[in-house]
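Asks: Protein chains in written order, with our numbering: chain D, 1 to 368; chain W, 1 to 368.
Mixed in with the good hints, there may be bad ones.
Identical copies go unnamed one by one, so any copy, or any two together, can satisfy a pair.
BS3-like cross-link-like pairs, simulated, lysine-lysine; straight-line CA separation at most 30 angstroms [said to hold, decoys possible]:
| no. | residue 1 | residue 2 |
| --- | --- | --- |
| 1 | K48 | K305 |
| 2 | K133 | K287 |
| 3 | K305 | K133 |
| 4 | K305 | K107 |
| 5 | K287 | K72 |
| 6 | K72 | K305 |
| 7 | K107 | K133 |
| 8 | K236 | K22 |
| 9 | K305 | K236 |
| 10 | K194 | K48 |
| 11 | K305 | K50 |
| 12 | K100 | K48 |
| 13 | K305 | K231 |
| 14 | K177 | K103 |
| 15 | K2 | K100 |
| 16 | K48 | K231 |
Read the hints as simulated data drawn from the structure, not as lab findings.
There are 2 protein chains.
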Amino acid sequence: MKFSIKNTHKHSRVASLTINNKTINTPAFMTIGTYGAVKTMDSSDLKKCKAEIILSNAFHLMLRPGVNLIQKFGGLHEFMNWDGMILTDSGGYQVFSLGKDVKITNKGAEFRSPFNGDRVLMTPELSIDVQTKINTDIMMIFDECIKYPSDMSTTDKSMELSLRWAERSKQSNYLSKPLFGIVQGGMYPELREKSREALIDMEFDGYALGGLSVGEPTDLMYEVIDENAHKLPTNKPRYVMGIGKPLDIAYAVRAGVDMFDCVIPTRNARNGQLFTSTGIKRIRNAKYTNDLSPIDEQCECYTCKNFSISYIKHLDRCNEILAARLMTIHNVYFYQNLMMELRNAIISSSLDDYIAQLERNFREVKND
Amino acid sequence: MKFSIKNTHKHSRVASLTINNKTINTPAFMTIGTYGAVKTMDSSDLKKCKAEIILSNAFHLMLRPGVNLIQKFGGLHEFMNWDGMILTDSGGYQVFSLGKDVKITNKGAEFRSPFNGDRVLMTPELSIDVQTKINTDIMMIFDECIKYPSDMSTTDKSMELSLRWAERSKQSNYLSKPLFGIVQGGMYPELREKSREALIDMEFDGYALGGLSVGEPTDLMYEVIDENAHKLPTNKPRYVMGIGKPLDIAYAVRAGVDMFDCVIPTRNARNGQLFTSTGIKRIRNAKYTNDLSPIDEQCECYTCKNFSISYIKHLDRCNEILAARLMTIHNVYFYQNLMMELRNAIISSSLDDYIAQLERNFREVKND
């Protein structure tokens, strides 16, 4: 793994990350393909949207279809026919999403499979084993993610548990694949610092900020990112997990973050919320009924080059699956284009101007 | 409109049909794009599946999105970005599908829109007007389609009504666009003959057999096709509406039919039923769980060239939309390939051998 910084502007940086002969440009946005497919899209669609890296979920893939099948293919890339980069989440956040049905012990997280009721004990060792076997490019340590708000003592205990699991994740990385640590500590600066410094001492290949976008106020999320991002090692990739909206990403890039993932572009597309160069457009708004223009005149995506917003609105109204697909293609492209523009803004030292433009478009989610 | 027969073998023939500078090869199968989209596919997907013509529904498009919007685009081709040929069904069969909620008079069919409750009076004149305005390539006359079984007197009256509507459809074809007549008469040979001869006297640009695949035994359907197809004018396209399975199509081709439409390839794909060179495969069959092969080793479709059956089975199990899309692409391609093989079999005078092979694969729908 090679991380080469090409340009910096204050805390922000443009870099390239090379692993297994695959290179991505950062700051990068990872579209989510939980089950080995970005919803409605196949791997060639992702290419057309200029995606270089996607995020997949070790937790979900372990349960369905299981590690054995993916191993038979030689890994997740071959299974889904994707030759770009893949980062896998360890399952920490997904276990957290199961809520009260999970029993957390020092050993790991015990729960019943939502699909067949089987008892599963997810441990750092198992998560790393799964991620290794599906032959991902970047692995995440297995950690505990707690809800917001949580009191300091609960947060401290959870953070300490995550540190022990981080160490076990590292120890069990038997093929020494790229492995990122995840800073926890909730909204408590002193706990974030403790987690951050301990993880830095363990020497991971990259560092993520976890436990964000779990219900806390946006300003608090920004504070944690602003306080922590630039204190992570300069020479390694920095990743904020689970965010976000275009502005969230832009602010985090300014704070020195290199990588992102979020369901927003894909999930919102399926609900008819489209990101454009002039802000949000909602396909279900009556004003698009007779609009012969594309979703975004400025956009170069497959959808905008070939179809009008009124056609897509018609398909959406008729519950045609094609509507979800065309809107997903548009939003995924928009996010990739956003990252390219952020990289260009860093290179040309115009990040503040670019962010001001995004603020005009996305400060409030416009309802047209 | 130009219909040029290139090869014949007994009743069957290979021809080309040219309209508005677009040419299709017949026998041809028209995939169904009711609302201006073949479910899960866009127009470039159709091209990749080698489709040359699709069927769309004047009735549905009139209700959603309405004729005005499509006219603004210059027609349905531009609306859906499809430069292949389009045949539109007139709405006769769709009105029939509404069941008891329709009032049929000499004037037309009166019903309430299932979408907004508006009272709609569909007439031959309105149907032709809609089809003309959406700028289809081939129009169908507006007729009445009755249920199976219906007694002779009911069938006779309905057939006579359809003849009067056929005449009105022809009279109202103000742009003299290609217009096909539809032979009715249920399962009664004498009524079919009367309908057929009357329509031939009216001189349409092509002739369809309607009122089939409405619940009658398959053998009865074959009888009607065998008795009527070759008695339709030799120099004009012959079309059997709403069929069918691969064998149904092959038998009808042998009987002299040139055109087909059916929901089977697309609907069955969404239900996981796949057509292959060795018969039917059902994606939900456990035997495909660990199968690294494509759906069909012999198939050249996008799905088979890029993905394995176990990957698609996994997606289907996880309710990923991509599963429906990949299976639809496969089945649509299979049907286009079937038509090409039927054309080749006619050219090489080996149609009976080819049908014998299809019988081995599709006589009974195999459950693997």
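Asks: Of all the hints numbered above, which does this structure not satisfy? Sort the numbers upward.
Replies: 4, 9, 10, 12, 13, 15, 16
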